[in-house]
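Student: So the sequences go chain by chain: L and R. Residues 240 to 684, numbered by the working numbering, are exactly what the first sequence covers, in order. Residues 240 to 684, numbered by the working numbering, are exactly what the second sequence covers, in order.
A couple of the hints might just be wrong.
Chain copies aren't distinguished; within one or between two, either way the pair holds.
What the hints assert, rightly or not - Mimicking DSS-like on lysine-lysine, the simulated pairs with C-alpha atoms at most 30 angstroms apart in a straight line are:
(1) Lys642 x Lys584
(2) Lys667 x Lys642
(3) Lys584 x Lys487
(4) Lys642 x Lys277
(5) Lys667 x Lys509
Keep in mind that the hints were calculated from the coordinates and are not lab data. As the structure is a prediction and not an experimental result, all values here were calculated from the model.
Protein chains: 2
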Amino acid sequence: MLPTSSVLLTDLYQLAMLQGYFEEGMEETAVFEFFVRKRPPERNFFIAAGLEQLLVYLERLQFTSPELEWLAGTGRFSKELIDYLSRFRFTGDVDAMPEGTVFFPNEPIVRVTAPLPQAQLVETRLINLLHFQILIASKAARSVLAAPGALLIDFGLRRAHGAEAGLLAARACYLAGFAGSSTVLAESIYGIPAYGTMAHSFIQAHEEEAEAFIRFARAQPNNVVLLLDTYDTEAAAMKVVSISLQLKQEGIAIRGVRLDSGDLADHAKKVRRILDAGGLPEVKIWASGNLDEHVVRGLLSAGAPIDGFGIGSRLDTSADVPYLDCAYKLQEYAGRARRKRSEGKATWPGRKQVYRRTGPDGRIAEDLLALESEPQEGEALLQPVMRAGRRLARAPLLTEARKQVAAELARLPESLRRLEEAASYPVKISEELARLAAEVDARNR
Amino acid sequence: MLPTSSVLLTDLYQLAMLQGYFEEGMEETAVFEFFVRKRPPERNFFIAAGLEQLLVYLERLQFTSPELEWLAGTGRFSKELIDYLSRFRFTGDVDAMPEGTVFFPNEPIVRVTAPLPQAQLVETRLINLLHFQILIASKAARSVLAAPGALLIDFGLRRAHGAEAGLLAARACYLAGFAGSSTVLAESIYGIPAYGTMAHSFIQAHEEEAEAFIRFARAQPNNVVLLLDTYDTEAAAMKVVSISLQLKQEGIAIRGVRLDSGDLADHAKKVRRILDAGGLPEVKIWASGNLDEHVVRGLLSAGAPIDGFGIGSRLDTSADVPYLDCAYKLQEYAGRARRKRSEGKATWPGRKQVYRRTGPDGRIAEDLLALESEPQEGEALLQPVMRAGRRLARAPLLTEARKQVAAELARLPESLRRLEEAASYPVKISEELARLAAEVDARNR
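Excised from the complex, chain L in its bound form (with noise of 0.2 angstroms):
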């Protein structure tokens, strides 16, 4: 339906600026790189996320011809430029964190190496991309944390803010640590397993509950996860139970329940005990309804016992942080170090690594940023992903990347693991760095 792939698909400024490197002959290298600012006190750390849609997005990069006649048509660029499009293509270098990498404020998550007009048009669909896919992989990791050995599952798609955001947040929240998604296409895109149950309407289509359980059972045989909450919660577990033995016999199990509003604890308990009660211990309980991770963590201390959790729009659009102030910035232009020194909003110069330091029990303990020129102990955390506009390596399997966030998540300091907000993870800048932002500085002055 719409042409998400566009090289259109960017600010009017960055076709303005390209006329102007374009009139005067800027193609000289120029190094930006991607970064969070800050970390909003509901976030402790920050995970990388949506590498590959921005290679995707690099590797295809150019201009259709009906794209160029409409920007010759709007009069707003010269002949010249538009013949210059025409030939357009991504052909720089880029050095990221892999997807799935922990990372803090002022760290820089993708650098891009290219010639100018290059490196400035990715700007804006560069951004969109990581930035929400970090922000929902971020999000995501915290209800993994607060609720270990759950089953999680997105089921955001519907109030997510459109279709591509409906589809990256499955992806980013299965990377962090969900089971899956009820996103269908997310299964058929991304290999991200679907998951799913019944909806109420299924209920009230019918006449009787028991005879619309009864009837989904017999249509899903496989996936048997009943919706209690249509009409009376209690009641309808009372249902469950007395339909289980004739499913049964016609070799059915109920896997599951779902709850979906009401006071999900007291119902919880309620439903287990009837469902134990009647001989379904195996029955799972799933809860949903405007779930975050504090309502899940105050669920599982309440010793509610429910299984799984179907997390929807407070994941999906990161509703208590929904954006971050992040940038993707100058750094470095034909070999000299630049610094925008904006108000609150100043950059560290220069081509830069990010080294991160593990304490002696194996859990990270504090970053370095430093200039690339000058190596430093610990592990360099940006890697070569892409020169001269090719990729070094296929894409890696998100089920590796996932692996990654597992083993990231393990190796966080247990302050930065919790929901409260903790004291700042330590990244410290190089002396030479600071040298040469005070140098940078002294020469715009």
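For chain L, the structure is supplied; the task is to place chain R on it using the hints.
Tutor: Below, chain R alone, put in the same frame as chain L:
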């Protein structure tokens, strides 16, 4: 890049229920209605939006061969169902409030009347499309009310949640009364005027700020808006004055300057004085940088001489209210009214119409929610837009819907036009409707 029009952009449970409906031959007419349940304190009203995208989706809805093969391969569905899905089209009716209509909680915006499996399957994408544009249009209208006469531009693509969110946010903002968007694709697809200035990187890539200004002006002589805050805002304003004569001699007029950080009111006043003293009273001042309707109103009431506002992240993510409590619920099946009774989520049954009554001052005064079968006085807000899967009329022009919003905002009572929480607008329930609800409850007891 992503198949945003795919019928697989749905929740797995929709397909699971389709298997059930298919096996039971449940294809009688269902009536579903989409509505917003609750009004958050940060919104006094909502604006209907997204209908156009919904109708396009319904008209084109079908399973492609690769999708059918993939579904068959999952093993979740019978061969007979796959066969049935291969012929699946949307053949139903849609009644809806025109885009741009102001509405309130519990009022149906869109009513779908179709064979049950069709009305069911479309739920997820229907909510996904309507919810997001309503969310953004309702947020954007607040800036329009807060800054009458100012030039408002959507700057949010980069931090919108994915590509579709960026595009549809541009559309929803324009619908609500914004002058345009920075998103180029929004102009090429929807004809929404694209606006743009320049980025910090353009300044940084040049050795001298003044040189960067001159080069940019020559490259974009019809749209010279210069960014002042890369190093020092007031110093940059003085450079603008100093280069203006030279540019004037080249026939280039500076149209505006943009402030993007620091105390915007203070900078705007100082910059205005510098520009005026320098003989540039016609140069407009734009502001950007983490704005929303509250900041905009604050700046204007502080007397900041700002002519235009670029509003981005907080608008395109609706940051204060990142999702709405909305639903698409079965209200009637096979000629019988239905009602969900879940705690805190009960719905009004039956096919409904919304009647709006205007007071003697010409402002809207009261709405009445009634059954379609009991005509009432007042303006009926739901109109037929699709019959038997075909649109009844061509899509209205976006510019027309935009005029509708302006007219609707003018008809709002003063209390609802304010940013502060107002007393709820009265939405009454007809006696017939209340009677039907009681009757349906009694039946399911």
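Student: If the cut is 30 angstroms between Cα atoms, do Lys667 and Lys642 qualify within a copy, between copies, both or neither?
Tutor: Cα proximity of Lys667 and Lys642: one copy only (28 angstroms, versus 54 angstroms across).
Student: For Lys642 and Lys584, with the copy left unspecified, which applies at a CA distance of at most 30 angstroms: within, between, both, or neither?
Tutor: Close neither inside one copy (35 angstroms) nor across copies (39 angstroms); limit 30 angstroms.
Student: At most 30 angstroms between C-alpha atoms: does Lys642 with Lys277 qualify within a copy, between copies, both, or neither?
Tutor: Only inside one copy: Lys642 and Lys277 sit 27 angstroms apart there, 40 angstroms across copies, limit 30 angstroms.
Student: From the Cα coordinates, with 30 angstroms as the cut-off, is the pair Lys584 and Lys487 best called within, between, both, or neither?
Tutor: For Lys584 and Lys487, the Cα distance exceeds 30 angstroms both inside one copy (64 angstroms) and across copies (33 angstroms).
Student: Please work out whether the CA atoms of Lys667 and Lys509 approach to 30 angstroms or closer within one copy, between two copies, in both situations, or in neither?
Tutor: Neither, since 52 angstroms and 37 angstroms both go past 30 angstroms.
Taken one by one, the earlier hints fail for this structure at numbers 1, 3 and 5, listed in ascending order.
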